[in-house]
Amino acid sequence: MSGPPVLGALVEFRQLDLFAAQSSGVHRLDARAKVVVVLAFVVCVMSFGRYAVASLLPYFAFPVLVAIWAQLPFAMLARKVAMVVPIAVLIGLPNPFFDREMVLHVAGLGISGGWISLVSIVLRALLAAAAAIVLVAVTGFPAVCGALERLGMPKALAVQLLFLYRYLTVLGEEALRMTTARELRGGGRKLSIRLYGVLVGRLLMRTWDRAERIYLAMCARGFVGDFNSGPVSRFGWRDLAFVGGCCGAFLLFRVRDVVQVVGNAALGGGR
Amino acid sequence: MHMADALLSPAVGGMMWGATAVTVAYCARRLQADPDERRVPLMGVLGAFLFAAQMINFSIPGTGSSGHLGGGLLLAILLGPHAAFLVVASVLMVQALFFADGGLLALGCNIFNLGFFPAFIGYPLYRRLCGPAPGPGRAAGAAIVAAIVSLQLGAFGVVLETVGSGISALPFGTFVLFMLPIHFAIGIVEGLVTAAVVSFVRATRPEVLPSATSVGSSIRSVAVTFLALAMALGGVGAWYASKDPDGLEWSVARVTGSSEQNSPDTAVHAALGRIQQQIALLPDYNFRKPAEEGGQARGDGAADNETRLGTSVAGIVGGLITLVVAVVIGTLLARRARRSGMRN
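Going down the list, the protein sequences come from chains U and B.
Here my numbering is used: the first residue of the first sequence is 1, the next is one more, and so on.
Here my numbering is used: the first residue of the second sequence is 1, the next is one more, and so on.
In case anyone wonders, no lab produced these hints; they're calculated from the structure.
Please note that a few of the clues may not be correct.
[Unchecked claim] So, partial list: chain U residues that the calculated Cβ filter (under 8 Å) puts toward chain B:
{"id": "1", "residue": "13"}
{"id": "2", "residue": "46"}
{"id": "3", "residue": "47"}
{"id": "4", "residue": "128"}
{"id": "5", "residue": "135"}
{"id": "6", "residue": "136"}
{"id": "7", "residue": "172"}
{"id": "8", "residue": "192"}
{"id": "9", "residue": "198"}
{"id": "10", "residue": "199"}
Where a beta carbon is used, it is the ideal one built from N, C-alpha and C, also for glycine.
If we strip away everything but chain B, and leave its shape as in the complex, we get:
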């Protein structure tokens, strides 16, 4: 589920870098307040563990294919959400730098998609579903639900980031219908694997697993921040996505306008300029305007605005769906926090 640089525009990538930086700073501050120094080497070595564990493939029953662990949820169960987020971030940074996996611009997206959702949405959900003393069946069920929710949100994040960037031609609806079912299945497997590892640890060395601690209202504030970011990404990011190609169009048009030669690559440039004019202002996820044959009239301001409007609407509809999902989760968390408050 790695987001790739090649599909990303700087506006979207930069925004996700910002979101990730804020979360990293928040987690780092939370950890600094924790006096247990033992955690420092533990986190580091668990990062290396996750790296190694991801390279061991298991076979997925009934499909003949194999998969590997994502690990965000497992780390959150072992370390708590803040440390888990930093560990996932470090693993993704090493992957981006050494294996060119994802890329540097996409790093913010990847850390957010694969770190934030399991740690701050999936893990609280897991704790809530598990209860204080879960049986093996309940723990496995909780892990599966939490993994599915995390992966669905992460996959949806990938869709929003991709569509908002406007490099891929995949329409929003098609991409969603492709990503979400696949990551539903992957979520089930991830949940099963997480549950298998956790149950092994519970059986052999239960003291390693942290006792049920409250993941209270701070999670809610993080979730609210995330919502704001999602809306910003949907609205502003999508707007930039359609604005971006204009710069290239401008430079290509200038070149093609100023050159007279008939060499084949000039023809290529001229054609590229025409493509820019014809398509770049109308990415596939927009509302299509009624068919027209000219292609010249589209450069004007009105069409431009209309296109931007369409793009923003598509982005905001996506954002709204996330909003609904997140509101449901947030409400669940809020109710849980209130109930545990009353119990105390």
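If we strip away everything but chain U, and leave its shape as in the complex, we get:
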């Protein structure tokens, strides 16, 4: 994971995009079904109280199951998801300081509520990241946009997202070339704000020219304000079963304490 941040981000972006090009049972589901299920998943997970730890664990089943079903490379996904841990720890760290009431005594060691909620925050962050990454990996970004549009997102935003998606790597590479060139000639000096203005201003002007060329090319090809996104998928009984099954399971995990069964293995094994 060395190299400039631009490069790292581009690599991440492409890896995830390639997963979406595969074909599996999950990949073939209607994109709307997957979007709805993932949103329900996130809402269910985040609706738990501050000290929920054990009750969150069953929810890991969903991303794991989908990843296996879609035959996604598990280690790579896990690494992507785990990248949120430092940030989650950072935003959860105030809790042990402000919430110091001892609530738990394990082997003579007192644990405050703050530490429990810190663990809860890290678990939430992992689940949220896993949900988002799995959604893109089994659906693909253009299909997610299409689904959102069919679920009511304005067309202007859908077109905007598709443009952004198409030119992300192009401009990312442009930025990469510019920063590499500056680093090679800069003699190890850091980038000052004034020079940053020049560098980014130059990138902006190139972007502007590119937009002009794209516009002319679009006109030449008869662009009428919409992308041709291939055949429109139908919402079939498979999709309905997927939505029903998943949402039902999420609700069950939310209402019933499945932890008594699943948590026994998860917590007992860890200690």
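Let chain U serve as the given structure and place chain B on it in line with the hints.
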């Protein structure tokens, strides 16, 4: 300044999704009325530009640390507020989906905090401070003020959303005192960077920058909508925040009540149930009740109501502060609109 799913309750997240959806629809409609098709690819590519520009770090003088562009204000200066809001929204959506940055539930919060304030509060302020033909110093000053105001409001939004959700234990006052000064400094840097890029563009290709167009009364109506939302978030959202843990408490209590075993994880559950009873009804941003030792009496309705009252009061006080800030800005905008009306 990304808000994270992990700190968010569905009530607050859903409310901000609603606020963002309304703003997206409004912006999309405004853009549809604009016949210039050239804008469509321009917006798309500028989104990619913003993404790339955010990955180039500059060094912040005197600190040894580095920062990157936020870009909401820059986009608003280049594209106008409506297009800028949609571009920021698209960038944040890609970040949430591909990089798990923020998260899906927090998307509404993030688009609102990082898109609405620069486009609809910061940008009008910038135009007002800049005047029709600004010199470089004045343009930079205007950018800095506008960036500071946008970031302060955005940071305050993060505080309200976090405290209203009740997952983080950070008390309201501490969090505000932490976030606002930091984002004041970040605002200065953001303003300087924005001014640097704009001045480069002005020097090399001034025709790219739009001429001073009126951002009139429609902004005011948006600002009013925002106020209503802020109050709703402060009042109702905070109320839900304290109500939410009850469901878990209920289910945990049920489990602990029905099981007899003494296995360690049952002890964990029992303890968790007790924590719920002791703390969840009294989040840290509440008015604390006088110390009591029992913990049993707190489950009753009166204590519950009292807690809810305290939570709502904390939320509404926060909302009122935003209200004051927004009223000042709204008044400035109104006066400006009136004056430009008279000039015409």
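Hints, verified against the model:
The interface hint given for residue 13 of chain U holds, since its Cβ lies 5 Å from the closest Cβ of chain B, which is under the 8 Å cut-off. Checking residue 46 of chain U against chain B by beta carbon gives a least distance of about 5 Å; that is within 8 Å, so the hint holds. Evaluation of the residue 47 of chain U hint against chain B yields a held restraint, the C-beta minimum of about 5 Å falling below 8 Å. Residue-level restraint check for residue 128 of chain U holds (minimum Cβ-Cβ distance to chain B is 4 Å; threshold 8 Å).
With a least beta-carbon distance of about 7 Å to chain B, the hint placing residue 135 of chain U at the interface is held under the 8 Å criterion. For residue 136 of chain U, the interface hint holds, since its Cβ comes within 8 Å of a Cβ in chain B; the closest pair sits about 5 Å apart. A distance limit of 8 Å between C-beta atoms decides the matter here; for residue 172 of chain U the minimum to chain B is near 5 Å, and the interface restraint holds. Because the beta carbon of residue 192 of chain U sits about 7 Å from the nearest beta carbon in chain B, less than 8 Å, this interface hint is met.
Because the beta carbon of residue 198 of chain U sits about 6 Å from the nearest beta carbon in chain B, less than 8 Å, this interface hint is met. Contact between residue 199 of chain U and chain B, as hinted, is supported at the beta carbon level, the nearest pair being about 7 Å apart and thus within 8 Å.
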